[in-house]
Structures are given as structure tokens and as C-alpha cells.
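Engineer: Using the sequences and the hints given, assemble the complete structure.
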Amino acid sequence: MVKPDNKIFRFSFVSDVDRYLFFFYKILQVVLIYEMIKSFRKFSRTL
Numbered sequence: 000m001v002k003p004d005n006k007i008f009r010f011s012f013v014s015d016v017d018r019y020l021f022f023f024y025k026i027l028q029v030v031l032i033y034e035m036i037k038s039f040r041k042f043s044r045t046l
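The opening position of the sequence shown corresponds to residue 0 in numbering that gives the first Met the number 0, with each subsequent residue numbered one higher.
In short, the hints are calculated from the structure, not lab data. Note that the Cβ used here is the ideal one computed from N, Cα and C, for glycine as well.
Pair by pair, the computed Cβ-Cβ distance ranges are:
hint : residue 1 : residue 2 : range
1    : SER14     : LEU46     : 45 to 51 Å
2    : ARG44     : VAL13     : 43 to 49 Å
3    : ASP15     : ILE36     : 30 to 36 Å
4    : MET35     : ASP15     : 29 to 35 Å
5    : VAL13     : ARG40     : 39 to 45 Å
Structural biologist: As C-alpha cells, this is what we get:
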């Protein structure tokens, strides 16, 4: 009885970590795109 519970707990923990990593990755992606657009606009202004 203890082993399956432990396995379920471990699985849920891993899925939570994956969710947080995915969320962090998405935020990072948005920030990168925003920075690229900002730098591109600055670059086009200098041209």
C-alpha cells in the first residue's frame, strides 16, 4: 500500500516540476520575443 502511494506522489511531483518549467520557459520566450522586437525597432529607427 505504501509503495503505490509513494509512486503516485513522485509522479505528481514530477508533473508539477514539469508544469513550472514549462511556465518558466513560456515566460522566458515572451521576454525574448519582446526584447527582439524592441531591439529591432531601435535598429530600424537608426536606418
